[in-house]
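Place chain C on chain A using the hints.
So the sequence lines, in the order shown, correspond to chains A and C. In this text, residue positions in the first sequence follow the numbering used here: the first is 39, and each later residue adds one. In this text, residue positions in the second sequence follow the numbering used here: the first is 10, and each later residue adds one.
Calculated from the structure, these hints are not laboratory results. As the structure is a computational prediction, the values presented were derived from the model and not from experiment. A virtual CB, placed ideally from N, CA and C, is assigned to each residue, including glycine. Accuracy of the hints is not assured; some may be wrong.
To spell it out: a stretch of chain C is covered by chain A in this simulated footprint if at least three of its residues, at any positions, have a beta carbon under 8 Å from a beta carbon of chain A; those stretches are [said to hold, decoys possible]:
1. 97–103
2. 115–126
3. 167–180
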Amino acid sequence: MSDVNTARGVQRSLIGRLWRHKSARWAAAIILLLVVAAIFGPMLTSYTGSEQLDIVKLKNMPPSWHHPLGTDQYSRDLLTRVLLGARISLAVATLAVLMSMTVGTAYGLISGYAGGVVDSIMMRVLDGFLSIPRVLLLIAVLTLWNPVPLSGLIVLLGATGWFGVSRIVRTQTMTTRHVEFVDAARALGASDTRIVWRHLLPNIITPVIVTATLAVGNVIALEAGLSYLGVGAREPTPSWGSIFLDGVEFFAGNWWVVLFPGIAIVATVLAFNVLGDALRDVLDPRQLHGGPALPAGKPAPSSNANAPLTLGTDPIQNG
Amino acid sequence: MAEPLLRVHDLRTYFYTENGVAKSVDGVSFEIAAGETVGLVGESGCGKSVTALSLLRLVRPPGRIEPGSQILFDGRDIVTIDEKSMREIRGARMAMVFQEPMTALNPVFTVGNQIAEVVRVHHGGSKKEAWTRAVQMLEMVGIPSPEQRAHEYPHQLSGGMRQRVVIAMALVMNPALVIADEPTTALDVTIQAQILELLRDLQQRLGTSILLITHDLGVVAETVSRVIVMYGGEIVEEAPVEELFKQAHHPYTEGLLNAMPQVGHERERLATIPGSVPPPTDWPKACRFHDRCPYAWDRCSAEHPPLYQIGAGHVSRCHLADEPQRRADKHEPFVTKVMA
Chain A
39 MSDVNTARGV
49 QRSLIGRLWR
59 HKSARWAAAI
69 ILLLVVAAIF
79 GPMLTSYTGS
89 EQLDIVKLKN
99 MPPSWHHPLG
109 TDQYSRDLLT
119 RVLLGARISL
129 AVATLAVLMS
139 MTVGTAYGLI
149 SGYAGGVVDS
159 IMMRVLDGFL
169 SIPRVLLLIA
179 VLTLWNPVPL
189 SGLIVLLGAT
199 GWFGVSRIVR
209 TQTMTTRHVE
219 FVDAARALGA
229 SDTRIVWRHL
239 LPNIITPVIV
249 TATLAVGNVI
259 ALEAGLSYLG
269 VGAREPTPSW
279 GSIFLDGVEF
289 FAGNWWVVLF
299 PGIAIVATVL
309 AFNVLGDALR
319 DVLDPRQLHG
329 GPALPAGKPA
339 PSSNANAPLT
349 LGTDPIQNG
Chain C
10 MAEPLLRVHD
20 LRTYFYTENG
30 VAKSVDGVSF
40 EIAAGETVGL
50 VGESGCGKSV
60 TALSLLRLVR
70 PPGRIEPGSQ
80 ILFDGRDIVT
90 IDEKSMREIR
100 GARMAMVFQE
110 PMTALNPVFT
120 VGNQIAEVVR
130 VHHGGSKKEA
140 WTRAVQMLEM
150 VGIPSPEQRA
160 HEYPHQLSGG
170 MRQRVVIAMA
180 LVMNPALVIA
190 DEPTTALDVT
200 IQAQILELLR
210 DLQQRLGTSI
220 LLITHDLGVV
230 AETVSRVIVM
240 YGGEIVEEAP
250 VEELFKQAHH
260 PYTEGLLNAM
270 PQVGHERERL
280 ATIPGSVPPP
290 TDWPKACRFH
300 DRCPYAWDRC
310 SAEHPPLYQI
320 GAGHVSRCHL
330 ADEPQRRADK
340 HEPFVTKVMA
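This is chain A alone, in the form it adopts within the complex:
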């Protein structure tokens, strides 16, 4: 009787379904491991990421017992730096995606719910935004704003990442607002605000969650790429991209400085993409709620193309 909370039931079945999805289980485990490593890892190593241990004796050391991932050309412990990099990459990507999803969802909801002239204007504006190549814009802005603080990087990545999701949300809103339960809610006295919050948002959030998960992976790769190009996180801040950049100079001598952040990037991006795909299957409203009440919640395949990163900023391919 006391459990008026509805989210709980949905969550329970969601976790169960994800668990039964084999590749999602792996992806979720990797992401969980990364998050734990990012939070606690740097506390457990005996070095700080920027400490130069012994520039003469300990530079460019291959992996060993004391330095499991080796050291770089400034004699810094690479394991510590990769763990700190995880912190930065995950934090930047998560916050940027949170920002772009919030902005994109709000924009799409307003546009789709208002309809008419408001919708037309908002969509033409969006078309304008979508025609700007994201990576070039970021490089240009970051070149002028250099060095950029991490908060600035988050805002820039967030502000350029919401276009695709707002389109998806708008389309979903337009189909959902003509489903009878929205009329029914209005006929029983619900206000516009209540209809949007309670009846539209929960029913359109599924593709947003999927898009967000995929976007985290993409933003991590994008941020690494920008850092690699020297316009993202800057020394001594160890983002995976900037560590990678350090290593490339001496690639022939110390392959480990390139290899380990590279593996971290690939594993993380892969995990988020796999998880995103799995969520798309699992969150399909027809599976979750049964019945043909809603049009399919899957974003169109092209939606990923709208989401971040299409240019060759993937450091592994470039390096």
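Coordinates of chain C only, in the frame set by chain A:
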């Protein structure tokens, strides 16, 4: 009788489309007394659903209720009051039961939560009180073990159960008028009977007025005391239910009655009314039914018939009331009756 609960006067709801102005509801007037059950009958496209939406002022652009229309409810004019007052009426004083129980419930919330939501919109109060009320309502509409059912999602319930939930949502605030728009059309025949029984029972217990919208005269016969027949955006006949079935006056009503399947008739194919409802952008001149009417004569395409008084509480928009001998001339009005 004192002031009726609802008095609709000259309601006109037009849609401004690219193909012209669709006069979906074109000068409709009727009344519903407190505690009365009225049926609104007609084919698809005759304007009955738009009438219902107009009563709750839920008509969306490009549709609008024309100035000069009046919908007096509780002594207030629905057409002109502000949106906030309108929201207070919707769900609390006047509620609606929708046709499709599959889509009339939000799939992401439990049914108990959705009923409680209506209470909280209008009453505020604690979640717990609202939930208790929701469970009571589920019990009232005949859902077994309501406390458990309240925790279930719409997709876990059958169509009939869902329609009971929709009815519970409409009745939870004990409204004075419930508009039921084809509440049984989407259901199996046996379930239809149960839902109608439920509506009748609740109407008697709560004293709610019901406006039952349907294309099915069978549904009307069992449920309501008075019937309004619409055609072409107008009321064409209005009568107490027994009288309508015994001696319908308007040829359109006659056609609807003939089109009903009847047990024990050796007729192998059902009679139909020839033709179809004309588009609302282009009603026929004069009598809107004349091009489908078996009795039509020159007057019918020249002069728009008024509502003629036929008997007590019985009116009909047909010139036959003026010239009854013309009906006698034709014995078998709907010749589409086919013997195989």
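A quick look at each hint next to the structure:
1. 97–103: With 5 residues in contact (Cβ-Cβ under 8 Å with chain A), the coverage given for the segment 97–103 of chain C holds.
2. 115–126: Holds, because 9 residues of the segment 115–126 of chain C bring their Cβ atoms closer than 8 Å to Cβ atoms of chain A.
3. 167–180: holds (count 3)
The structure meets every hint from the earlier list without exception.
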